[in-house]
Structure formats: C-alpha cells, structure tokens
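Student: The listed protein sequences derive, respectively, from chains G and Y.
Going by the working numbering, the first sequence opens with residue 32, and the numbers climb by one from there.
Going by the working numbering, the second sequence opens with residue 177, and the numbers climb by one from there.
Derived from the structure by calculation, the hints contain no laboratory data.
No experiment lies behind these values; they were computed from the predicted model shown.
A virtual CB, placed ideally from N, CA and C, is assigned to each residue, including glycine.
Please note: incorrect hints may appear among the correct ones.
[What the hints assert, rightly or not] Going by beta-carbon spacing under 8 Å, a handful of chain Y positions derived as facing chain G: (1) R273; (2) D307; (3) R492.
[What the hints assert, rightly or not] Here are the computed distance ranges between Cβ atoms for each label pair: (4) Y:A364 <-> G:Q154: 34 to 44 Å; (5) Y:T403 <-> G:A331: 24 to 34 Å; (6) Y:Q313 <-> G:N126: 23 to 33 Å; (7) Y:S362 <-> G:N126: 18 to 28 Å; (8) Y:W380 <-> G:A331: 25 to 35 Å; (9) Y:D367 <-> G:D60: 52 to 62 Å.
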Amino acid sequence: MRTSYREALRAAIREALLADDRTFLMGEDVGRYGGCFAVSLGLLEEFGEQRVRDTPLSESAFVGAGIGAAMAGMRPIVEIMTVNFSLLALDQIMNNAATLRHMSGGQIGVPLVIRMTTGGGRQLAAQHSHSLEGWYAHIPGLRVVAPATVADARGMLPTALEDPDPVLLFEHGGLYGTEDDLAEDAGAVDIDRAAIRRDGSDLTLIAYGGTVRTALQAADVLAGQGIAAEVIDLRTLRPLDERAFLDSVGRTHRAVIVDEGWRSGSLAAEIAARIGERALYELDAPVQRVCTAEVPLPYAKHLEDAALPSPERVVDAALKTVT
Amino acid sequence: MNGTDSSARMRMLTEMVRIRRFEQRCVELYSATKIRGFMHLYIGEEAVATGALTPLTPEDAVVSTYREHGHALARGMPMAALMAEMFGKVTGCSRGRGGSMHLFDASRKFYGGNAIVGGGLPLAVGLALADSMRGRQAVTMCLFGDGAAAEGEFHETMNLAALWQLPVLFCCENNYYAMGTALERSHAETDLALRASSYGVRSWAVDGMDVQAVARATARAADMARTGSGPCFLEFRTYRFRAHSLYDPERYRDRAEVDRWKERDPIESLTRRMRDSGELSDEDLEKLEFGVESEIDRAVAEADSDEEEPVDDLERFVYADGK
Numbered sequence: 032m033r034t035s036y037r038e039a040l041r042a043a044i045r046e047a048l049l050a051d052d053r054t055f056l057m058g059e060d061v062g063r064y065g066g067c068f069a070v071s072l073g074l075l076e077e078f079g080e081q082r083v084r085d086t087p088l089s090e091s092a093f094v095g096a097g098i099g100a101a102m103a104g105m106r107p108i109v110e111i112m113t114v115n116f117s118l119l120a121l122d123q124i125m126n127n128a129a130t131l132r133h134m135s136g137g138q139i140g141v142p143l144v145i146r147m148t149t150g151g152g153r154q155l156a157a158q159h160s161h162s163l164e165g166w167y168a169h170i171p172g173l174r175v176v177a178p179a180t181v182a183d184a185r186g187m188l189p190t191a192l193e194d195p196d197p198v199l200l201f202e203h204g205g206l207y208g209t210e211d212d213l214a215e216d217a218g219a220v221d222i223d224r225a226a227i228r229r230d231g232s233d234l235t236l237i238a239y240g241g242t243v244r245t246a247l248q249a250a251d252v253l254a255g256q257g258i259a260a261e262v263i264d265l266r267t268l269r270p271l272d273e274r275a276f277l278d279s280v281g282r283t284h285r286a287v288i289v290d291e292g293w294r295s296g297s298l299a300a301e302i303a304a305r306i307g308e309r310a311l312y313e314l315d316a317p318v319q320r321v322c323t324a325e326v327p328l329p330y331a332k333h334l335e336d337a338a339l340p341s342p343e344r345v346v347d348a349a350l351k352t353v354t
Numbered sequence: 177m178n179g180t181d182s183s184a185r186m187r188m189l190t191e192m193v194r195i196r197r198f199e200q201r202c203v204e205l206y207s208a209t210k211i212r213g214f215m216h217l218y219i220g221e222e223a224v225a226t227g228a229l230t231p232l233t234p235e236d237a238v239v240s241t242y243r244e245h246g247h248a249l250a251r252g253m254p255m256a257a258l259m260a261e262m263f264g265k266v267t268g269c270s271r272g273r274g275g276s277m278h279l280f281d282a283s284r285k286f287y288g289g290n291a292i293v294g295g296g297l298p299l300a301v302g303l304a305l306a307d308s309m310r311g312r313q314a315v316t317m318c319l320f321g322d323g324a325a326a327e328g329e330f331h332e333t334m335n336l337a338a339l340w341q342l343p344v345l346f347c348c349e350n351n352y353y354a355m356g357t358a359l360e361r362s363h364a365e366t367d368l369a370l371r372a373s374s375y376g377v378r379s380w381a382v383d384g385m386d387v388q389a390v391a392r393a394t395a396r397a398a399d400m401a402r403t404g405s406g407p408c409f410l411e412f413r414t415y416r417f418r419a420h421s422l423y424d425p426e427r428y429r430d431r432a433e434v435d436r437w438k439e440r441d442p443i444e445s446l447t448r449r450m451r452d453s454g455e456l457s458d459e460d461l462e463k464l465e466f467g468v469e470s471e472i473d474r475a476v477a478e479a480d481s482d483e484e485e486p487v488d489d490l491e492r493f494v495y496a497d498g499k
C-alpha cells in the first residue's frame with residue numbers, strides 16, 4: 032500500500048498506544064494541533080488527553096517528565112519539534128536519561144523514546160534546520176536511530192519502545208512527505224543493523240536518514256558513468272553497525288561518507304576514523320566526506336542548497352576515489 | 177505520623193543525631209582521604225530531612241539533590257550502603273559509580289542524588305505523572321535548594337505540575353546560599369513560597385530548624401497531594417552550619433551570622449524541649465549517642481573492608497545488561 036513516511040510514523044504510534052497502556056505521547060502541539068508536522072493527527076480524538084498530552088513550551092520539564100515516568104514503569108513517547116529545540120532539554124537527556132542507569136549502579140533504567148525532527152532543506156534557517164544527531168551519538172547510555180525509509184518509519188518505533196534504555200529517533204524533515212509501498216502487515220524492524228540500500232562493487236556510499244536519498248540519487252548518476260556504488264544506510268547511529276560498512280569497504284575498497292552534520296567532529300569523522308583504524312589497508316583511495324558547509328544554515332534557497340550535501344557533491348567525491 | 181507525640185520526637189531526635197554524627201565522621205574520613213570528590217554536608221539542616229520524610233510511605237517516591245546524605249538516611253537507606261558508596265566500594269548503594277552526590281536506592285524509591293541544580297524537578301513530575309496515570313495514591317517528594325529556584329527548570333516544572341495537578345511535594349531547603357551567593361544577591365524576589373504560589377501551587381514557608389513544624393507541615397501537604405489536590409510547595413527556612421563543600425573557604429559570610437543560626441540548632445532545640453518536658457533523661461541521651469556511634473563504627477568498618485568493583489566491569493550499567 033502506498034504510504035507516506037508521516038503516515039507510517041502515525042501508524043506506529045497508534046499501534047503502540049493500542050498495544051500498551053503504559054505508553055503515551057507527550058509534546059508540544061501533539062494533540063489538538065495534530066503535531067507540528069501532522070504526524071499525530073487524529074490520535075488525541077482516538078486516545079484522549081491522558082494518552083496524547085499537549086505540553087507547555089517547556090522542553091526541559093516535559094522531557095524530564097518523560098524520564099521520570101519511564102523510571103516509574105511507563106513507556107512514554109516524547110516528541111520534540113526539532114533537534115534545535117532539544118537543546119533546551121539537553122540537561123535532561125544527557126545528565127539524566129543517558130546517565131541514570133550507570134550513576135545508580137544499574138538500579139534505574141529509562142525506557143523512553145524521544146522523537147524529533149532533524150535536518151535542513153526547507154528554508155527554515157539556522158534555528159530549525161541543523162543535524163545534531165551526531166552530538167547525541169557521542170553520548171554513552173543513549174541509542175540513536177534515524178529511519179530513512181517508510182518501512183523504518185513504521186518499524187523502528189515499536190522496537191525502540193521495547194528497549195530498556197532511552198532511544199532517540201531522528202526524523203528528517205524532508206522525508207515526511209515521501210512515499211513508498213508498505214506491506215499491510217508491516218511492523219517492527221530491528222534497530223541494530225545497517226542496511227544495504229543498493230548493491231555495488233566499485234565504491235561504498237555511507238549515509239543515514241535524509242542523506243540516504245541523496246546517496247541513492249548519486250548512485251544513479253554514477254551508474255550512468257559505469258560506476259557501481261553500494262549504498263549503506265546506517266539506520267542506527269549509536270551503536271554504529273561498524274561491521275556493515277567495514278565489510279562493504281572490504282569489497283569495494285573505496286568509501287564516501289554522506290552526513291548532513293558539520294564535518295568537524297561529526298559522525299562522518301567517526302566513521303572515517305573507524306575505517307582508518309580497521310580497514311586502512313583495504314582502501315585504494317582516501318576516504319571522502321560530503322558534509323554540510325560549516326555555517327549556521329542560511330535561509331536563502333541558493334545558499335542553503337549550496338551548504339547541504341547534494342547528489343552532485345557526492346558524485347564529485349565519488350569520482351575522486353575512482354580516478 | 178506528624179511528630180507530635182513523645183515517641184515520634186524520640187525517633188526524630190535519634191534520626192537527626194544519626195545524620196549529624198554521620199556527617200561529622202565523613203569529615204574525618206575525608207581528611208583521612210578515605211572519601212574523595214565533592215562532599216556537601218547537611219549539618220544544621222537535619223530537621224528538614226528528618227521532618228519532611230516522616231509522613232512518607234514506602235510507596236511514595238523521593239527525588240533529591242547532591243546534599244543528600246541526610247535524605248538518604250532518613251528514607252531508610254542502610255548506613256553501611258551509604259558509607260560504602262562514599263568509599264567507592266561495590267557494596268555502595270550505587271556500586272561506587274555515584275559517590276556522595278549520587279546516592280540511589282530503587283527499593284526505597286529514592287531516585288537520587290541529582291547534582292545538576294534543578295535537574296531533579298522534572299523527574300519528580302514524571303514520577304508523579306506515572307502514579308497519577310496508574311491510579312496510584314502515592315506522592316513524589318522533590319527536595320532542592322534555594323539556588324534551584326533561579327533555574328529555568330524550576331519554573332517550567334512548577335507550571336507543569338500545577339497544570340496537570342500532579343501529586344508532587346516540592347520541598348525547597350532554603351539555606352540562604354546558592355553555594356557562596358546569598359539569596360538576596362541572586363533573587364529579585366526572595367520570598368520563594370510567594371513565587372511558587374504564582375504558579376497556582378499551594379505554598380507555605382516553614383521554620384526549617386523546627387523538626388516538628390517540618391513534620392506537621394509536610395504531613396498536611398502530603399495529605400492534600402495524595403487526595404488529588406495537586407502539588408504543594410514547602411519552603412523550609414534553614415541554614416547550613418558548615419561550608420558548602422569541603423573545598424569552600426567560606427569567604428562570603430560572617431562568622432557572627434553562622435553563630436546566630438547555631439543558636440537555633442535543630443538538635444539542641446529539640447533536646448532542650450524534651451529535657452524540659454521530662455521525656456529525655458541524660459541516660460536516654462547517652463544511650464542514643466552510643467547507639468549512633470556504634471552504627472557509624474560498623475558502617476565504616478564494613479566500608480573499609482568491602483571489595484571494590486573489578487575494573488573489568490567498568491563499562492557495565494551503561495545499557496541494560498545483556499545488550
């Protein structure tokens with residue numbers, strides 16, 4: 032069935048609310064407004080105000096409340112409008128959610144899912160467009176996932192809710208309207224493994240979330256030039272499925288990492304380092320990175336387009352590894 | 177249990193003496209380098225922990241701060257587990273992962289030891305939200321200092337707890353200093369109960385040097401919160417007789433001010449009252465002191481001989497076991 036990424040997320044939340052009365056959805060405008068990206072449209076009407084809770088604009092309080100409720104046995108889903116806003120709750124995410132299990136010597140777990148929008152490309156400028164998931168992937172105690180496909184939008188949430196530890200789920204804002212065929216019985220998927228989205232033997236494009244699409248478009252262009260690119264979708268950003276990209280590089284001997292975060296101190300940097308540590312002698316060319324230009328994202332379309340990873344930039348980087 | 181009868185007074189006196197002697201022993205152990213890190217003493221404030229925790233039941237939850245030795249003892253945490261934690265031993269209440277500032281005991285619903293000022297408040301709202309959604313009659317007590325009232329999380333949390341009418345007892349231990357900054361140097365409005373009441377939270381200021389007054393006020397507030405009247409705020413006006421931490425040279429306050437507050441020592445006041453009314457003899461007091469001293473000696477001896485956690489287990493408790 033043709034399903035949008037947004038509808039897949041909604042179906043996942045709805046199923047979770049039906050399946051477990053410990054689960055509830057909480058965040059800014061998730062109820063009466065229907066979610067700022069319309070993900071939760073209709074859920075308030077179906078489940079009522081106890082289970083679909085509109086909150087004040089108090090990111091720290093409602094994220095912390097989600098943590099406290101999870102500590103007390105609930106299975107909350109907390110929605111934060113964008114990753115930039117999540118910085119207002121960074122204390123709770125870092126100092127409590129990620130830390131409590133270890134700091135309490137294993138006594139206290141935080142089975143919480145936090146969903147938030149990430150990424151640029153919508154002319155929303157420098158306070159709504161950044162890709163900060165790499166920061167969160169730095170933190171021990173968190174699991175960080177990024178659904179890039181409709182099937183993952185449908186299937187990652189139920190698995191995340193089963194997890195005894197906090198899971199951050201990053202939804203790229205450019206993906207909500209994308210559609211794909213989704214099986215009637217589509218459901219939970221693993222959140223441990225990366226996936227190969229396209230097979231190829233000449234080089235490996237490593238991407239996640241919003242950049243998977245970019246990498247696939249680049250792979251099409253490269254195919255036209257007789258270059259077969261393999262596209263790896265990381266899916267989970269912490270812990271990284273290192274085996275998946277090291278094996279691929281072992282086959283193709285070339286790697287380009289496509290990451291919407293800034294280059295310095297990025298996930299792309301981490302992946303490049305791991306390839307350097309574990310697969311240096313497999314490489315036939317230096318690893319290339321296509322990241323966002325190191326500026327706060329500008330509003331004007333031509334400037335924003337120039338800042339973000341594009342299929343053209345990925346193709347250029349790929350060509351550097353094969354020539 | 178609101179601390180008005182003779183046996184309740186004897187119990188509270190014993191608890192306050194336990195806390196004070198424990199803290200005094202900690203100073204010696206710190207000098208002997210058995211305890212390291214930051215350590216914040218509760219000497220002078222014993223009436224608050226002792227009185228405030230009196231009306232709580234085992235089903236109620238407690239969220240605390242980094243000055244929480246007294247809270248943990250009053251909640252019933254075994255002194256040996258607390259002392260072992262200070263020694264960094266595996267038998268410590270947080271397996272040596274937390275130290276003085278992060279005491280946890282999930283079996284007693286004692287949810288830490290939060291060392292980010294204000295960081296525990298949102299957790300308390302979440303714990304209370306879970307109780308409320310599950311139809312449990314429990315209350316959550318959240319202890320914090322006057323410094324926390326300047327944090328954004330305080331204001332976000334007051335509003336959310338009042339908006340959702342959650343059973344939280346906000347217990348502000350106003351000792352008039354946020355580390356070294358006096359209340360009037362950091363708050364434009366120094367009446368903290370007044371400020372809490374502006375959020376629609378029922379608020380009282382209580383003499384925090386009078387353990388019976390603390391117990392009575394808390395019992396009344398707990399009854400209200402437990403029966404669905406929403407959150408309450410209790411400002412306990414108290415004073416710490418010792419420095420902020422063992423690193424603090426106390427340049428910011430006069431000796432005379434400290435001495436004035438010492439005239440209202442909560443242990444001496446209650447002792448005097450009980451002697452005057454004939455409920456406490458010299459012999460009772462000696463017995464009490466001897467009992468406390470023996471308990472501390474045992475706790476120290478155990479902590480000293482306990483094992484450390486093997487370094488091989490360093491990375492345990494970051495995620496749930498088995499992951």
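Student: So, for every hint listed, does it hold in this structure?
Tutor: Do the hints match the structure? See the list:
At about 5 Å, the closest approach between the beta carbon of R273 of chain Y and any beta carbon in chain G falls short of 8 Å, and the interface hint on this residue holds. Interface hint status for D307 of chain Y: upheld, as the beta-carbon distance to the closest one in chain G is roughly 7 Å, under 8 Å. Among the interface hints, the one on R492 of chain Y holds; its C-beta lies about 7 Å from the nearest C-beta in chain G, closer than the 8 Å criterion. At roughly 40 Å, the beta-carbon separation of A364 of chain Y and Q154 of chain G lies within the given 34 to 44 Å, and the hint holds.
Evaluation of the 24 to 34 Å hint for T403 of chain Y and A331 of chain G yields a failure: the beta carbon distance comes to about 58 Å. About 30 Å separates the C-beta atoms of Q313 of chain Y and N126 of chain G, a value consistent with the hinted range of 23 to 33 Å. For the pair S362 of chain Y and N126 of chain G, the supplied restraint of 18 to 28 Å holds, since their beta-carbon distance comes to about 22 Å. One distance hint, 25 to 35 Å for the beta-carbon pair W380 of chain Y and A331 of chain G, is violated here, with the actual separation near 56 Å.
Under the hint 52 to 62 Å, the C-beta atoms of D367 of chain Y and D60 of chain G, about 35 Å apart, miss the expected range.
The structure does not agree with the numbered hints 5, 8 and 9 stated previously, though it agrees with the rest.
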